[in-house]
Amino acid sequence: MSVVDILFRVDSICSKYDKYDLDKQREQNAYGDDAFAKLYATVDSTIQAALKKSDAALAENNRAAAAALNAEVRRAKGRLMDELPKLRKLAKKKVKGLTDEDLAIREDLVLALPERIQAIPDGITTVNQPGGGGGGWSSQPNIKFESDMHRGSDYFEQSEESSQFRNEYEMRRIKQDEGLDYISEGLDTLKNLAHDMNEEMDRQVPLMDEIDTKVDRATADVRNTNKRLKQRLTESTEVI
Amino acid sequence: MSTSDPNKLLTKADKLTKLSFTRWTADWKSATILYEQAANSFRLAKDYENAKTAYEKASKGQEMLSSPWDAAKHMESAAALAKELRNWREVADFYRRASELYIECGRPQPASDALAKGARALEDTVPEEAIQLYTDACTVLEEDEREQMAFDLYRAATNVYIKLEKYTDAAALMLKLGLAAEKSNAINSQCKAYLSAVIIYLYAHDFKQAEKCYNDCSQVDAFLSSDQNRCASKLLAAYTDGDVEEIKRVAQSSAVSHLDNVIIKLARKLPTGDVSGLKAETVEGEEILDENDLT
Numbered sequence: 001m002s003v004v005d006i007l008f009r010v011d012s013i014c015s016k017y018d019k020y021d022l023d024k025q026r027e028q029n030a031y032g033d034d035a036f037a038k039l040y041a042t043v044d045s046t047i048q049a050a051l052k053k054s055d056a057a058l059a060e061n062n063r064a065a066a067a068a069l070n071a072e073v074r075r076a077k078g079r080l081m082d083e084l085p086k087l088r089k090l091a092k093k094k095v096k097g098l099t100d101e102d103l104a105i106r107e108d109l110v111l112a113l114p115e116r117i118q119a120i121p122d123g124i125t126t127v128n129q130p131g132g133g134g135g136g137w138s139s140q141p142n143i144k145f146e147s148d149m150h151r152g153s154d155y156f157e158q159s160e161e162s163s164q165f166r167n168e169y170e171m172r173r174i175k176q177d178e179g180l181d182y183i184s185e186g187l188d189t190l191k192n193l194a195h196d197m198n199e200e201m202d203r204q205v206p207l208m209d210e211i212d213t214k215v216d217r218a219t220a221d222v223r224n225t226n227k228r229l230k231q232r233l234t235e236s237t238e239v240i
Numbered sequence: 001m002s003t004s005d006p007n008k009l010l011t012k013a014d015k016l017t018k019l020s021f022t023r024w025t026a027d028w029k030s031a032t033i034l035y036e037q038a039a040n041s042f043r044l045a046k047d048y049e050n051a052k053t054a055y056e057k058a059s060k061g062q063e064m065l066s067s068p069w070d071a072a073k074h075m076e077s078a079a080a081l082a083k084e085l086r087n088w089r090e091v092a093d094f095y096r097r098a099s100e101l102y103i104e105c106g107r108p109q110p111a112s113d114a115l116a117k118g119a120r121a122l123e124d125t126v127p128e129e130a131i132q133l134y135t136d137a138c139t140v141l142e143e144d145e146r147e148q149m150a151f152d153l154y155r156a157a158t159n160v161y162i163k164l165e166k167y168t169d170a171a172a173l174m175l176k177l178g179l180a181a182e183k184s185n186a187i188n189s190q191c192k193a194y195l196s197a198v199i200i201y202l203y204a205h206d207f208k209q210a211e212k213c214y215n216d217c218s219q220v221d222a223f224l225s226s227d228q229n230r231c232a233s234k235l236l237a238a239y240t241d242g243d244v245e246e247i248k249r250v251a252q253s254s255a256v257s258h259l260d261n262v263i264i265k266l267a268r269k270l271p272t273g274d275v276s277g278l279k280a281e282t283v284e285g286e287e288i289l290d291e292n293d294l295t
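Chains as they are written, first to last, in the UniProt record's numbering: chain A, 1 to 240; chain B, 1 to 295.
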């Protein structure tokens with residue numbers, strides 16, 4: 001029997017027993033069902049994706065990448081919150097084939113959704129970022145404190161990113177200032193040394209002048225003596 | 001004759017110089033030579049006492065031969081030996097005599113050098129005498145208009161004063177240094193001298209005097225526009241505010257670290273006494289308790 005034959009056989013068996021496949025049925029049911037279920041399924045999957053992204057953000061060392069992931073998570077949360085009122089309306093609608101129990105269940109599910117959405121971590125609540133990413137980001141606790149006050153407002157979410165960057169900038173500036181202080185101390189020492197050397201040079205100028213005159217006198221004497229010596233020598237040799 | 005016993009040389013030379021019936025004039029020339037030889041041999045034999053005497057006599061001989069330079073040189077050697085013998089009185093005398101002889105030569109520089117050497121030798125033992133020598137050395141230089149050389153001497157003398165805890169004198173010397181520096185156009189030294197004076201006054205806990213000193217110094221343009229001026233004003237401001245942390249910070253600053261070692265030590269020990277008492281005084285009213293703390 002060839003591979004093609006096997007494939008055909010498997011396909012026919014599957015299609016025969018499809019009605020016993022629970023997952024597939026559920027999916028089909030979901031599709032065949034009403035708008036509520038569809039919407040609810042999409043919301044659920046979005047929540048799952050957001051959770052995955054927030055986990056990735058937590059594990060991320062690169063600050064910029066983490067911030068980007070967190071931003072996406074937040075955007076997803078915002079969209080979900082928008083979908084919520086629609087879901088609530090659909091949940092209230094009566095759908096054929098749906099029992100009263102199911103209806104109540106659906107309403108409960110919708111109510112539980114907002115909490116689940118908010119529970120997705122999006123970087124506002126994380127405090128202990130790995131410190132390896134650039135040394136000393138102790139500004140995180142500050143951000144946490146602020147976010148507790150302005151929880152859930154879109155406006156604040158955006159400026160929270162910028163406050164992170166601002167804190168980075170402040171830290172870097174403080175480090176620069178420390179370095180510059182160090183340099184300035186060194187320069188002070190150099191300046192003092194230079195001044196002292198200047199004064200020392202000034203002090204030695206008249207001494208050098210004195211040395212100059214004395215040495216000039218000495219050379220003149222030596223030259224005279226040499227000349228006289230030569231004269232005497234020539235005289236004495238002449239006599240001979 | 002040169003290798004014979006130095007004592008013999010000494011006696012021989014003495015005989016040459018002593019006047020008696022047979023000798024009407026002293027033969028200083030040969031005597032001096034003998035004295036020098038004797039002194040050298042004594043020094044090699046480490047017989048300091050005799051060497052000193054020999055050098056004295058040699059110096060006298062040179063004087064008689066009207067060569068004050070050699071005389072002064074011998075005097076200095078004698079003084080060095082007296083230092084070894086710890087005969088401080090003689091040390092001072094010899095060095096003074098040497099410097100006088102140098103001045104006779106018309107050489108003020110070695111004169112002040114001799115006085116400075118004497119002062120350094122006496123610093124630990126007879127500090128007052130040392131200070132006297134230092135001031136004399138500075139006067140000699142100033143007369144010759146070589147104030148530049150005097151800076152070191154002033155600084156050394158100030159150190160001695162501070163050791164003796166005579167702070168007003170020390171500060172006064174610093175001001176003199178400033179004056180000398182101004183004459184020789186050494187602005188940096190001048191400003192450092194003024195800053196040191198202010199610090200000394202503050203260490204003596206004489207805040208009024210320190211302020212007065214600072215005001216006087218501010219009259220000088222060069223000081224006004226210098227780093228040291230800024231440092232001094234910060235220090236005084238910290239004192240008026242009674243801010244101990246600020247005082248300590250200024251004392252650690254680089255301007256202070258470039259001063260003399262002794263001054264730096266004083267600055268680190270600031271503030272002495274009760275700074276807040278000063279603050280109360282300057283604000284208003286007689287807080288009698290605090291004034292008692294000051295005294």
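What the hints contain is simulated information worked out from the structure, not anything from laboratory work.
Some hints could be false.
[Unchecked claim] Incomplete in silico selection of chain A near chain B, CB under 10 Å:
| # | residue |
| --- | --- |
| 1 | D55 |
| 2 | A56 |
| 3 | L58 |
| 4 | S184 |
| 5 | K191 |
| 6 | D196 |
| 7 | N198 |
| 8 | E199 |
| 9 | E200 |
| 10 | D202 |
| 11 | R203 |
| 12 | Q204 |
| 13 | L207 |
| 14 | D209 |
| 15 | T213 |
[As the list claims (entries may be wrong)] Straight-line alpha carbon distances no greater than 27 Å define the calculated BS3-like cross-link-like pairs of lysine-lysine that follow:
| # | chain 1 | residue 1 | chain 2 | residue 2 |
| --- | --- | --- | --- | --- |
| 16 | A | K227 | A | K214 |
| 17 | A | K191 | B | K234 |
| 18 | B | K248 | A | K191 |
| 19 | B | K269 | A | K191 |
| 20 | A | K191 | B | K176 |
| 21 | A | K175 | B | K248 |
| 22 | A | K191 | B | K183 |
| 23 | A | K191 | B | K117 |
| 24 | A | K214 | B | K117 |
Cβ coordinates follow ideal geometry from the N, Cα and C atoms, glycine included.
Consistency of the hints with the structure:
{"no.": "1", "hint": "D55", "in the structure": "violated (48 Å)"}
{"no.": "2", "hint": "A56", "in the structure": "violated (48 Å)"}
{"no.": "3", "hint": "L58", "in the structure": "violated (43 Å)"}
{"no.": "4", "hint": "S184", "in the structure": "holds (8 Å)"}
{"no.": "5", "hint": "K191", "in the structure": "holds (8 Å)"}
{"no.": "6", "hint": "D196", "in the structure": "holds (7 Å)"}
{"no.": "7", "hint": "N198", "in the structure": "holds (7 Å)"}
{"no.": "8", "hint": "E199", "in the structure": "holds (5 Å)"}
{"no.": "9", "hint": "E200", "in the structure": "holds (9 Å)"}
{"no.": "10", "hint": "D202", "in the structure": "holds (7 Å)"}
{"no.": "11", "hint": "R203", "in the structure": "holds (4 Å)"}
{"no.": "12", "hint": "Q204", "in the structure": "holds (9 Å)"}
{"no.": "13", "hint": "L207", "in the structure": "holds (9 Å)"}
{"no.": "14", "hint": "D209", "in the structure": "violated (12 Å)"}
{"no.": "15", "hint": "T213", "in the structure": "violated (14 Å)"}
{"no.": "16", "hint": "A:K227 with A:K214", "in the structure": "holds (20 Å)"}
{"no.": "17", "hint": "A:K191 with B:K234", "in the structure": "holds (20 Å)"}
{"no.": "18", "hint": "B:K248 with A:K191", "in the structure": "holds (23 Å)"}
{"no.": "19", "hint": "B:K269 with A:K191", "in the structure": "holds (26 Å)"}
{"no.": "20", "hint": "A:K191 with B:K176", "in the structure": "holds (24 Å)"}
{"no.": "21", "hint": "A:K175 with B:K248", "in the structure": "holds (24 Å)"}
{"no.": "22", "hint": "A:K191 with B:K183", "in the structure": "holds (22 Å)"}
{"no.": "23", "hint": "A:K191 with B:K117", "in the structure": "violated (32 Å)"}
{"no.": "24", "hint": "A:K214 with B:K117", "in the structure": "holds (25 Å)"}
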